[in-house]
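Visitor: Spelled out from the first residue to the last, the chains are:
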Amino acid sequence: MLTRDFVGGVASIAIGAVYLIFSYQLRTSALDDSMGPGGLPRVYGWLLVGLGAILTTQGIVSRRLAVAGGEKGTGEKGEWDGQGRKLLFAAGLLAIGVGYIFVVETLGYLLSVAVLLLVTALYLGAGNKARVLAVATLGAVFLWVMFVIVLGVRMPSGLLASLGL
Amino acid sequence: METLTHTAAFLLDWHVILAALIGVTWGIMGGALPGISPSITMALLLPFTYTLDPTSAIVLLASTYIGAEYGGSVPAILIRTPGTNAAAATVIDGYEMNRQGKAGLALGISLYSGVIGSLFGLAMLMTLSGPLAQVALAFTPMAYFALGVLGLSVIATLSGENLVKGLIAAILGLIIATIGSDPVTGGTRFTFGSPELLGGIEPVMIMVGLFAMSELLVQAGKRGQDERVTSRPRIQFPDWPLAKRLIPAQLIGNGIGTVEGVMPGAGGTIASFMSYNEARRWSRYPEEFGKGSPEGIAAPETANNTVAETALVPLLSFGIPGSNSTAILLGGFLIHGIVPGPMLFQKSGEVVYGLYAGLFTAAIGQLFIGMAMLPVCIWLVNRPRPYLNAFIFALILSGIYSIHSEAFDLGIMIAAGVLGFFMRMLRFPFLPTVLGLVLGYLVESNLRRSLVLSGDDWMIFVDDRISLGLLILSFLFIGGSIAKRAYGVLRHRSSSTFAENAES
Amino acid sequence: MNKLQLVSAVAAAVLAGGMTAAQAQEYPVDTVTLVTHSSPGGGSDVFLRELSRYLSPYLGANVIVENVSGGSGAKAMAQLAQAPADGSTFYATTPTFIYTSLLSDPEYKYTDLEPLVNFFIDPEVIYTSAKGEFRTLEDVIQYARDGRGQWGAANPASLERQALEQLKAAAGVNAAVVTHEGGGDMMINVLNGTLQIGVGEVQEIQSQIEAGELRLLATFSENRLDSFPDLPTVKETGYDVVVRKFRGLAGPKGLPADVIAAWEAATQKVLADPEYRQAYEGANLRAEFIPHADYVKFIDAFGAETADFLKKTGVIE
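Protein chains in written order, with this note's numbering: chain A, 16 to 180; chain B, 32 to 535; chain C, 135 to 451.
Check the hints yourself; a few may be wrong.
In silico lysine to any residue, SDA-like type, Cα no more than 25 angstroms apart, as pairs [what the hints assert, rightly or not]:
id: 1; chain 1: B; residue 1: K378; chain 2: C; residue 2: Q412
id: 2; chain 1: C; residue 1: K446; chain 2: A; residue 2: G54
id: 3; chain 1: B; residue 1: K253; chain 2: A; residue 2: T18
id: 4; chain 1: A; residue 1: K101; chain 2: B; residue 2: K253
id: 5; chain 1: B; residue 1: K515; chain 2: A; residue 2: F37
id: 6; chain 1: B; residue 1: K378; chain 2: C; residue 2: F362
id: 7; chain 1: C; residue 1: K302; chain 2: B; residue 2: K322
id: 8; chain 1: B; residue 1: K253; chain 2: A; residue 2: D96
id: 9; chain 1: A; residue 1: K144; chain 2: B; residue 2: K253
id: 10; chain 1: A; residue 1: K101; chain 2: B; residue 2: R458
id: 11; chain 1: C; residue 1: K265; chain 2: B; residue 2: R414
id: 12; chain 1: B; residue 1: K378; chain 2: C; residue 2: A345
id: 13; chain 1: C; residue 1: K243; chain 2: B; residue 2: K322
id: 14; chain 1: C; residue 1: K243; chain 2: C; residue 2: G437
id: 15; chain 1: B; residue 1: K253; chain 2: A; residue 2: R146
id: 16; chain 1: C; residue 1: K243; chain 2: B; residue 2: F223
id: 17; chain 1: B; residue 1: K515; chain 2: A; residue 2: Q73
id: 18; chain 1: B; residue 1: K322; chain 2: A; residue 2: R146
id: 19; chain 1: B; residue 1: K378; chain 2: C; residue 2: K302
id: 20; chain 1: B; residue 1: K253; chain 2: A; residue 2: G54
id: 21; chain 1: A; residue 1: K144; chain 2: B; residue 2: D488
id: 22; chain 1: C; residue 1: K431; chain 2: C; residue 2: V307
id: 23; chain 1: C; residue 1: K243; chain 2: B; residue 2: E437
id: 24; chain 1: B; residue 1: K378; chain 2: C; residue 2: K379
id: 25; chain 1: C; residue 1: K445; chain 2: B; residue 2: F223
id: 26; chain 1: C; residue 1: K446; chain 2: B; residue 2: R458
id: 27; chain 1: C; residue 1: K445; chain 2: A; residue 2: D96
id: 28; chain 1: A; residue 1: K101; chain 2: B; residue 2: V249
id: 29; chain 1: B; residue 1: K253; chain 2: A; residue 2: I111
id: 30; chain 1: C; residue 1: K446; chain 2: B; residue 2: G211
id: 31; chain 1: C; residue 1: K379; chain 2: A; residue 2: A45
id: 32; chain 1: C; residue 1: K243; chain 2: A; residue 2: R146
Below, a sample of chain C positions facing chain A; criterion: calculated Cβ distance under 10 angstroms [what the hints assert, rightly or not]:
id: 33; residue: A291
id: 34; residue: V307
id: 35; residue: A310
Listing some non-contacts, in silico: residues in chain A with all C-beta distances to chain B over 12 angstroms [stated by the list, open to error]:
id: 36; residue: R78
id: 37; residue: R79
id: 38; residue: A83
id: 39; residue: M161
Please keep in mind that the hints were generated in silico from the structure rather than gathered at the bench. This one's a predicted model, so the numbers in the text were calculated from it and none came from an experiment. Even glycine gets a Cβ: it sits at the ideal position worked out from N, Cα and C.
Starting from the given sequences, assemble the full structure and let the hints guide the process.
Guide: The structure is reproduced here in structure tokens:
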């Protein structure tokens, strides 16, 4: 039953519904035009719900047709094969990224980006430990020089602030 | 003719040459870093311009703009990350060519198309800025709304196999564009009390998330299976038959770029998407688009470099900056006490001629600087996957952070990456989302502005001739592509147009 | 909008080198940072950088400019409110910081800062296309009375918008006030006749006025402008609306008295500097020094008036 179209359709309906709830709560004021801040958002919300419904129906119908056509089960199985594993690995990378967001302002840019490079390369399967360390160190210094020294971007200095970096 | 002789005098001025070359090199670097937009690249140079003479200062900033508009295509082709908003259309076929081991050719095409765009745009700027300024002046809010609708009509062809999915993706983009301050009342919408969202979400955060971050997430699921084709670290320019094939696409880019550049607020992103779409419509090999078509790189890259030149028309003629980048350039003029506008030529004609000469030098310089820099970039992306992907991850996290110096923005980018990951898993196309995101504000603000003007009379869109024309054109486009779809369905040809959606 | 932050240390070094700021050492800190919410190259940014060049010797400290442009000033206000009140950091105030405080209710508001001194009041003028039929403000009001007027304001919920809404109320006409994304956008719509009038600062439209493409109709200032002595004020025309777009500085709460005194002295001196005077008058800025004690009251009154307007129109609660 759970084809991609079906899942996508249901997700669209859900997103549209949440968005609609918020767009109906927008304040109105005397400076508003007749359409107001909520005018188009409501249109977008309803369109999303409507299109989501069409997609869901498409998903159900095409599934029925496929089942009627005799390819029992195969479609569904092939559709989601290996997705769980992919999802798990992606979640790992995601966790590394979220971790970076939390440490960057305390650890400082140079250190966090070095750790990020190290952890990500290892996570993605880099084998040679010495090489990973070298790439992480050099890569972090390169990015730091590029963004902080050359471009003058204000990156968090964190722990290294005391060293004058 | 007079313009030419005055301009030629500056072509040998070493101040101008130096400023142009430094500017274009700096611009390519900044543009190539995801998150560092052309305007940021220019702003970083602004403090230096105080000490320069006015002509060198303006040339430096304008050349940076040109370099940055080109530079955005480098990561678009090599790591599926648009370095600038306008390079989003280049990602489609550019990255595809890279995957086929033709990175050198893809970069060569984007480089020389960029140079052609710059030179054509410069010629337009020098010869036709009077008439072009009139075009800018003729655009009312109604016309801008219609222009936005025309841009959105491209969704119909960018949607891939399922139109409903394309439309849903587009609405997601439009919804993201409503976050921030309301264009009419200035009140806040969907910001949930966080000050970081007051100014809206920068499109580049979403684009980097959708394209690059989602790619990293997908790659994470395929460790050890490094079946990619690597490219030789050499820039390759097309041979004559291919160059000939690219001419129509480049002409389309030139034409659309000229018109879009002139209109304040329209900008390079719309120009590149529309050029991409038109190039596909008129191509003799439309089926190659999305699968590594060289025309799919040539058209948008010519367009966004043409825009970088013609965007100077409203700035020089009216003193009106049409984009963030030209706003910085305006700042550069003002710092030196020069006020762009109708009196510019009488009061500071020399600066303008110097600027033309500098732009010409920058366009030519771009070719050689690009040729020197690009092999290194190709070599870099040929490194083993785990290292390359770790580096890309660090690069986009650094680039996005530098937009506002906010860790919050990294969260937005990563969230967009997750959205992109699921969109890929469920086979939704990205491009309509990007288009909705870029056009949402333009469409909404001008729709509402027009209705305020007319007292809620929708006929105002019909009464305005430009608006009427553009709206009719959009309906023809939409009707045409729906008819084509219906025909395709009848012939049982499930045309999966965009390999980009496929997960492989 | 690009909202990059960068400390223009290089510019500061260059400027400081030229100015030999070390000549007068009575100011408590060596380096003063002026924070602006304007992005590099924007109006306030250019103004501040110009000011910082002339201010250093008079103040006896290096003056550098920092762009902190997130959230239309919300971020800059937060940074300032938490900064030490030692005279080392100030925020360049324009009406924007009051509008942002009121409209988006950030954690730190204009009331968490202490106004220091005022430098300039920018004149806001009403202009129309020179090709159009309107010769006086009264013509425009009459047109709006007869049918449907279309007036332009540069930004949503801005001082210009407030001025036009007040003018509408004072004249008792029903005109559509169309908001834009900046003055340039609006100017095009005035030039092509979509709008009858626009409101903006003289410096933005200077070039068009010189070229004879735009015609000034009235100024929202209290008195007539020196550069346009024939231009009537809106008040003279019979509508009691006065707009004061201020440009000054504010610091963290509890500024020491010697810092305030140093700034009051330096501000008056720099405004009288002949070279600087030529520069700012050329850009149509009108010097209006307001000392600390009065400026605090001025900002309070401005804030109260704006809050009142926004509440009356229902934009905020």
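Visitor: Need the status of pair C/K446, B/R458: alpha-carbon distance at most 25 angstroms?
Guide: Measuring from Cα to Cα gives roughly 50 angstroms; hence the hint is violated.
Visitor: Hint check: C/K446 vs A/G54, CA-CA at most 25 angstroms. Holds or violated?
Guide: This hinted pair holds, its Cα atoms lying about 22 angstroms apart.
Visitor: For B/K253 and A/R146, compute the direct alpha-carbon distance and say whether it is at most 25 angstroms.
Guide: 21 angstroms, holds
Visitor: Holds or violated: B/K322 with A/R146, Cα cutoff 25 angstroms?
Guide: 35 angstroms, violated
Visitor: Hey, C/K445 versus A/D96, does the alpha-carbon distance stay inside 25 angstroms?
Guide: 58 angstroms, violated
Visitor: Verify the proposed pairing of C/K302 with B/K322, using a straight-line Cα cut of 25 angstroms.
Guide: Measuring from Cα to Cα gives roughly 58 angstroms; hence the hint is violated.
Visitor: Hey, does A/A83 actually stay past 12 angstroms from chain B on C-beta?
Guide: 18 angstroms, holds
Visitor: Can the restraint linking A/K101 and B/R458 be considered satisfied, given a maximum Cα separation of 25 angstroms?
Guide: Holds, because 15 angstroms separates the two Cα atoms, which is no more than 25 angstroms.
Visitor: May I ask you to test the interface hint for C/A291 with respect to chain A, counting a Cβ-Cβ separation under 10 angstroms as satisfied?
Guide: This hint holds: C/A291 lies near chain A, its Cβ roughly 7 angstroms from the closest one there, short of 10 angstroms.
Visitor: Would the pair A/K101 and B/V249 pass a check requiring their Cα atoms to be no farther apart than 25 angstroms?
Guide: 7 angstroms, holds
Visitor: The output says A/R78 does not contact chain B. Does that hold with a beta carbon cutoff of 12 angstroms?
Guide: 15 angstroms, holds
Visitor: Taking only the CA atoms, is the gap from C/K446 to B/G211 under or equal to 25 angstroms?
Guide: Holds. C/K446 to B/G211 sits at ~23 angstroms (cutoff 25 angstroms).
The structure does not agree with the numbered hints 5, 7, 11, 13, 18, 19, 20, 21, 22, 24, 26, 27, 32, 34, 39 stated previously, though it agrees with the rest.
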